[in-house]
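*Asks:* Below, each chain spelled out in residue letters.
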Amino acid sequence: MKPFLLLFLLIFLLSSLAQLWLPWWVIIPICLGLAAWQRAAAGWAFWAGLLGVALSWWLPAAWLNTHGAELLAHRLATLLPLGGNSWLLVLLGGLLAGMVGGLAALSGAWGRGAVSA
Amino acid sequence: MLRYVKAVLALLTTVILAWVLNTKQGDVPPVARLLSPYQGFWRNGETATDFPAQQTLHLPGLHQTVRVRFDDRRVPHVFALNDHDLYYAQGYLTARDRLWQMEFMTRVAAGRISEVVGPKALEYDRFQRRMGLPLGAANSLREMLKNDTTRLVLESYSAGVNAYISQLRPADYPFEYKLLDYAPEPWQPLKCALLLKLMAWDLSGRSDDLRLSNILSKYGSEVTRDLFPDYPVREDPVVPVGAPLAFTPLPVPAAPPLFGAAVSGLVPEREPDAELGSNNFAVAGSRSASGLPLLANDPHLQLNLPSIWYQIQLSAPGQNVYGVTIPGAPAIIIGFNESVAWGVTNVGGDVLDWYQLKFRDSTRREYWHDGRWKPVRRVVEHVAVRGRPDVLDTVLYTHHGPVVYDHDEKPFNAQTPVRHALRWTAHEGANEVLAFVKLNHARNYADYDQALRTYASPAQNFIFASSQNDIAIRPNGRFPLKYPDQGKFILDGSDARQDWQGWIPMSQTPRVKNPERGFLSSANQHSAGPDYPYYLGWDYAPWDRAHRINEQLATMHHATADTLRRLQNDDLGINAQTMLPWMLAMVQAGGTPVSQTGERGGSLQTAVLQTLQGWNYHYTAKAVAATVFELWYQELVRRLWEDDFSRAATGLEMRYPARDRTNQLLLNQSGNPAASFQGASPWIDDRRTPEKENVHDLLTASLQFTVDSLTRKFGPLGPGWAWANQKSTDINHLAQLPGFGHQDIVCPGSPGTVNATGARNGPSWRMVVALGPQVKAYGIFPGGQSGNPASRYYDDMLESWRTGQLDELVFLRAADENHPRLQAAWRLEQ
Chain A
437 MKPFLLLFLL IFLLSSLAQL WLPWWVIIPI CLGLAAWQRA AAGWAFWAGL
487 LGVALSWWLP AAWLNTHGAE LLAHRLATLL PLGGNSWLLV LLGGLLAGMV
537 GGLAALSGAW GRGAVSA
Chain B
61 MLRYVKAVLA LLTTVILAWV LNTKQGDVPP VARLLSPYQG FWRNGETATD
111 FPAQQTLHLP GLHQTVRVRF DDRRVPHVFA LNDHDLYYAQ GYLTARDRLW
161 QMEFMTRVAA GRISEVVGPK ALEYDRFQRR MGLPLGAANS LREMLKNDTT
211 RLVLESYSAG VNAYISQLRP ADYPFEYKLL DYAPEPWQPL KCALLLKLMA
261 WDLSGRSDDL RLSNILSKYG SEVTRDLFPD YPVREDPVVP VGAPLAFTPL
311 PVPAAPPLFG AAVSGLVPER EPDAELGSNN FAVAGSRSAS GLPLLANDPH
361 LQLNLPSIWY QIQLSAPGQN VYGVTIPGAP AIIIGFNESV AWGVTNVGGD
411 VLDWYQLKFR DSTRREYWHD GRWKPVRRVV EHVAVRGRPD VLDTVLYTHH
461 GPVVYDHDEK PFNAQTPVRH ALRWTAHEGA NEVLAFVKLN HARNYADYDQ
511 ALRTYASPAQ NFIFASSQND IAIRPNGRFP LKYPDQGKFI LDGSDARQDW
561 QGWIPMSQTP RVKNPERGFL SSANQHSAGP DYPYYLGWDY APWDRAHRIN
611 EQLATMHHAT ADTLRRLQND DLGINAQTML PWMLAMVQAG GTPVSQTGER
661 GGSLQTAVLQ TLQGWNYHYT AKAVAATVFE LWYQELVRRL WEDDFSRAAT
711 GLEMRYPARD RTNQLLLNQS GNPAASFQGA SPWIDDRRTP EKENVHDLLT
761 ASLQFTVDSL TRKFGPLGPG WAWANQKSTD INHLAQLPGF GHQDIVCPGS
811 PGTVNATGAR NGPSWRMVVA LGPQVKAYGI FPGGQSGNPA SRYYDDMLES
861 WRTGQLDELV FLRAADENHP RLQAAWRLEQ
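Going down the list, the sequences are from chains A and B. The first sequence begins at 437 in my numbering and counts up one residue at a time. The second sequence begins at 61 in my numbering and counts up one residue at a time.
Warning: the hint list may mix true and false statements.
Partial pick of chain A residues on the chain B-facing surface, computed with a CB cut under 10 Å [stated by the list, open to error]: (1) Leu-449; (2) Ile-463; (3) Leu-487; (4) Thr-514; (5) Leu-516; (6) Gly-530; (7) Gly-549.
Between beta-carbon pairs, the in silico distance windows are [to be verified]: (8) B/Ala-884 x A/Asn-521: 31 to 41 Å; (9) B/Val-88 x A/Pro-465: 21 to 31 Å; (10) A/Glu-506 x B/Glu-245: 23 to 33 Å; (11) A/Ala-550 x B/Asp-856: 54 to 64 Å; (12) A/Leu-442 x B/Val-68: 20 to 30 Å.
Covered stretches of chain B, as calculated for chain A (at least 3 residues, CB under 8 Å) [stated by the list, open to error]: (13) 70-78; (14) 97-105; (15) 741-754; (16) 846-853.
Hint data in this document are derived by calculation from the structure and do not stem from the laboratory. No residue lacks a Cβ here, since even glycine has one placed at the ideal position from N, Cα and C.
Please model the entire structure based on the sequences and the hints provided.
*Replies:* Here it is, written out as structure tokens:
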């Protein structure tokens, strides 16, 4: 559990920081590298990547959804269509990015396993 | 080995998933980039702190400090110390609020939408180019850059827009760029010219030449003259009949024999929107409470969000003007200053003609004109298409203009005949921007007179009022000097006598100043009466709005701004007032109303007729009778003309006679029920049936249809049949994005009433100006100043507009003037 928490936190912090300046897909090298470096077990790596990255989206999106972007989010959630529910948009965005993060971390864990075997 | 494969496969899946989420897939936006809270749409939110009450912005290229005040509608009030800085600031501030809209509109005009949305817009882009919008814009730009004033205006404005664009990082791009996945490009003066051509297309790009030629060839010239006359039975022209003519007219070219154009079997794909129009009116001091003139204007355009218009106050040495402009066009288009006010409505004059061409052979390299073969010029258009190689399109040009459609092209617009060249005033270079800049500076009638001389297209009824107690109106623009009926039908492109032979001098356009009656108005009706010496066209908007406006103005004494506001919101239907009593009398002439569906239908019809009888002809939002009358009348007209003029019945693309001629036929030529409709016009009979129908039959059948279809749509007769439900006014986002507009707005009015609010079109800006020692003005548009759908200023004016209210416009005399509605003060500095 402890290694999972550490990996999750590292992914969350580094992803949040890096995305301030770099495109969102910078989460791929971050998750991959951190999972490999931490020698995480595949299952833990996936969940740490998914939740770490998802949280790096959920938190700022939830903040913006209550601070200025709620009207636009509601309109976009009507367009997409998600029934106008902006919180679904928050959830969905984080899950999509989280999927990429989780898979990247999984690749890192498996890659490290393959190299060190 | 398996471990490696597993790891590589996982990585591959990751990369592919990331690529899919990062890329626009067909119409699906790049989901991850759009939804990212770091770069995506979340960044477009707007909070109160995003709009500081005080700040200094440093902008490269400004010469001196510009001060900008914002009022509680977010209208910028710009105080500059020189013209360069004034238009620079206008460009910067407009882009700040409307960048995506202004850039998108110029792409629409230029035929460059495929670049953004891919191949689905290709036909549209080709059409815009073949119609010659970019050509006309390039011609106008040349004129505008030749003039020192307009060159400065356009270049400063563009520099201001570009100063804003260059500040943007992708995370700051307006929302629509993120959704459609593209980036803003640098602004150029050409884009300003393109916007004017787009207006010309909206307002003068329609033509019935093809339809009239088909009618002429099927029914002959006598019928055509009878049913499609050059001047309506009822009319109340913009320049009243008898207005003094202060010039000696030029000789008009001799009319060659009428050309029998080839009948076109062209199948239409869509009907053009004929509903666009506008009102403006002015009352002289003799009719106002203040003793000084009042002026009102409400241009009717398609209602979209972001709003079509942008309000701004522009002040610099030599001018202090307030009004609206189209985002992307510098200066003020409709507005006022301390001395004068002006407004515009569209002129329905015929400034677009089609010439049937005779090519030498199938290579189409030469065409016959004036007794010899002349070379066809070929211009290759490069249409960039997203995700595809460029599409090359060769457009043929004759001296008339472009061949909009070549023989094997798929026609996009039914009104565009195949193998014809287009002659259109919008192709001419002219300096409309100069006219607006001069109007912005105008202090009196002489300045107005001077300003209008360079204005060509789209021709507008420029109404004017000044604090010197002058009122005036002028259907103004470049009008070809035509022989009567020239261009009513397809013209012969090989006969030099049928070419346009020059122009009506700008000093001889119809005009009137300070008429005895003390008021002036226009509502897209005929520019002048039969006493005007030149032919301008035959097909104008029905007289309904014009008649109602003049009728009301004639009763006005001690008028105030609010009197004019109420007239702008007038919803009395002149057509209903004219026709409904006759329709009711005639349908009941045969005794009880006939029903084909038995007792229940019969009593329902009786109830419906009672509703109609009690109606006062006002198109209020709740009026049930308005719903019934509109559909009943529309259905009656369809039944009257469908057998004679519809494509379904005749195989030819034609049109119905105009409303006033239709009404005249129904009222005066449909026979007397007491005499069994003896001597009724043969047009009334449905020639597709063996029986001989009379007008009673048409009325009964169309009423039956109306009642049935309204019952199906809204249930039993009751409040559900309210006019607002039937009309269903929608204001949609410019890119038709669901969730970004307003649907089913409950508001009064109809296209035929002064408050011309229809399903998609309506008053896009309502303005009333009271001239005086301290000018006071009022205005509203259905939307807001901001183009950002996240902002509350995106649509904050909609509710006032819906209920017919106007805002008092904050007009400042100085940059540091105090006003309770001012909220922010910015400085723009080098």
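*Asks:* Could you tell me which of the numbered hints above are not met by this structure, giving the numbers in increasing order?
*Replies:* Going through the list in order, the structure violates hints 1, 3 and 15 and respects the others.
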